[in-house]
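Bring the two chains, given one by one in their own frames, into a single complex with the hints.
Listed below, chain by chain, are the residues.
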Amino acid sequence: GNSVTQMEGPVTLSEEAFLTINCTYTATGYPSLFWYVQYPGEGLQLLLKATKADDKGSNKGFEATYRKETTSFHLEKGSVQVSDSAVYFCVTTYGNNRLAFGKGNQVVVIP
Amino acid sequence: EPEVTQTPSHQVTQMGQEVILRCVPISNHLYFYWYRQILGQKVEFLVSFYNNEISEKSEIFDDQFSVERPDGSNFTLKIRSTKLEDSAMYFCASSEELRNTGELFFGEGSRLTVL
Chain B
1 GNSVTQMEGP
11 VTLSEEAFLT
21 INCTYTATGY
31 PSLFWYVQYP
41 GEGLQLLLKA
51 TKADDKGSNK
61 GFEATYRKET
71 TSFHLEKGSV
81 QVSDSAVYFC
91 VTTYGNNRLA
101 FGKGNQVVVI
111 P
Chain V
1 EPEVTQTPSH
11 QVTQMGQEVI
21 LRCVPISNHL
31 YFYWYRQILG
41 QKVEFLVSFY
51 NNEISEKSEI
61 FDDQFSVERP
71 DGSNFTLKIR
81 STKLEDSAMY
91 FCASSEELRN
101 TGELFFGEGS
111 RLTVL
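Sequence order for the protein chains is B and V.
Okay, so the first sequence: first residue is 1 according to the numbering used here, each after it adds one.
Okay, so the second sequence: first residue is 1 according to the numbering used here, each after it adds one.
Honestly, the hints are just simulated from the structure, not real lab data.
Hints may contain errors.
[Claimed, not checked] Below, in silico cross-link-like pairs of lysine to any residue (SDA-like), each with a Cα-Cα straight-line distance of 20 Å or less: (1) B:52 x V:102; (2) B:60 x V:1; (3) V:42 x B:8; (4) V:42 x B:95; (5) B:56 x V:101; (6) B:56 x V:102; (7) V:42 x B:11; (8) B:52 x V:103; (9) B:103 x B:84.
[As the list claims (entries may be wrong)] Derived DEER-like restraints, expressed as beta-carbon distance ranges: (10) B:61 x V:66: 34 to 44 Å; (11) V:115 x B:52: 42 to 52 Å; (12) B:39 x V:97: 21 to 31 Å.
All C-beta atoms, glycine included, are put in the ideal place defined by N, C-alpha and C.
Bound-form chain V, shown alone (with noise of 0.2 Å):
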């Protein structure tokens, strides 16, 4: 069954330092996301992406974070300075359609520490 993946799985940085969280969405699917959840908080909306553009964005989503499609199967999501409020578990996701179906496929996720 195809399925999104993300590396790397757990990742620990040094505030300041800029990471980037790798994803491959299912190969057919048009639409990709990113979503966080903060330990202990609930699971939020970061970014969509569609035609190598942004769709949507959350207000979180601030110039320290950025998005991109570099070679037709990767979705990468780049924090350029970590800061401790960074730390999170990152999911990567992606849907056939934008239409509001709600039915997204989910990565495992990343699991990001800022030290």
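Next comes chain B alone, as it looks inside the complex (with noise of 0.2 Å):
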């Protein structure tokens, strides 16, 4: 079945530093994409999404475009701020509304 992978690890990284978090994904045909964030004391929302190839999803200013030629779905943000500090997962769907996640990033933003 369809299923992604993200870095592994933590990131840690200062105020309005540039965010980078690499997912690749692996699945038969081209399925939508996804970033979902968990914040502290919080349920998993989503982030952002793209459902086919060349898609740019955006929101809060992160970004990630659904590259076919890599199979990858990396989520950007230029200048990151202490409240941007969660958990972070790319998930891709197989089936009706069944989600695969990759293992997820705990992105700690220090003042």
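As structure tokens, then:
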């Protein structure tokens, strides 16, 4: 079935730094791709999505482009804030809203 | 803003005991899900539910698990006889559509610890 792989390990960076979290996918066909985020004490929430190749999803200053040639959907933000500290999950679908999650990356932004 | 709520936030139980995890989905949503995340592993799909019956379930969702919507607002996950390996964070989710939008609304999770 479809799956995603995220880069290993937590990410610690300073406020206003550039954030990249790598994600690659394995899929039959062209599934939709998502980034979900979990802020401390909250549920998982959809951050952005892309439904076809070359689509760019964006929200709250975050962006990710669905790249078929590299099977990637890397998450980027140009200037992070302390409030961006959270766990970020790369996600794809298989079946009816069955989500396949990556392991997640803890992002800690230091003032 | 409407949200999915889950109770309890943390439950500790002895192996072999029955556990019920409760969820209140967003009120106008029609599709409900349970996912779980064992510590250090990926979030995994357990089951989806629509119109008072299971739509899909994963191989994890064996006879020890059951779901129901007892009163039109709550959505529960029951584990009949817990095992150590059931220790995990359980997430409830709901959506307006079943079509593959991927837009699910999740609760904060219920952490289950089986001793």
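Hints, verified against the model:
1. About 13 Å separates the Cα atoms of residue 52 of chain B and residue 102 of chain V, which keeps this hinted pair within 20 Å; it holds.
2. A hinted pair counts as satisfied when its Cα atoms are at most 20 Å apart, and residue 60 of chain B with residue 1 of chain V qualifies at roughly 18 Å.
3. Taking the CA atoms of residue 42 of chain V and residue 8 of chain B, the gap is near 12 Å; set against the 20 Å cutoff, the hint holds.
4. As the CA atoms of residue 42 of chain V and residue 95 of chain B are separated by approximately 18 Å, the hinted pair is consistent with the 20 Å bound.
5. A hinted pair counts as satisfied when its Cα atoms are at most 20 Å apart, and residue 56 of chain B with residue 101 of chain V qualifies at roughly 16 Å.
6. In summary, the hint linking residue 56 of chain B to residue 102 of chain V is supported, as the alpha carbons are separated by about 16 Å, within the 20 Å threshold.
7. Distance check on the hinted pair: residue 42 of chain V and residue 11 of chain B sit about 18 Å apart at the alpha-carbon level, within 20 Å; holds.
8. Taken as a hint, the residue 52 of chain B and residue 103 of chain V pair is honoured in the structure, with Cα atoms around 16 Å apart against an allowance of 20 Å.
9. Between the alpha carbons of residue 103 of chain B and residue 84 of chain B the distance comes to roughly 18 Å, so the proposed pair stays at or under 20 Å and holds.
10. A hinted range of 34 to 44 Å holds for the C-beta pair residue 61 of chain B and residue 66 of chain V, which are about 43 Å apart.
11. For residue 115 of chain V and residue 52 of chain B, the Cβ-Cβ distance of about 47 Å falls inside the hinted range of 42 to 52 Å, so the restraint holds.
12. Checked against the given bound of 21 to 31 Å, the beta carbons of residue 39 of chain B and residue 97 of chain V, roughly 25 Å apart, stay inside it.
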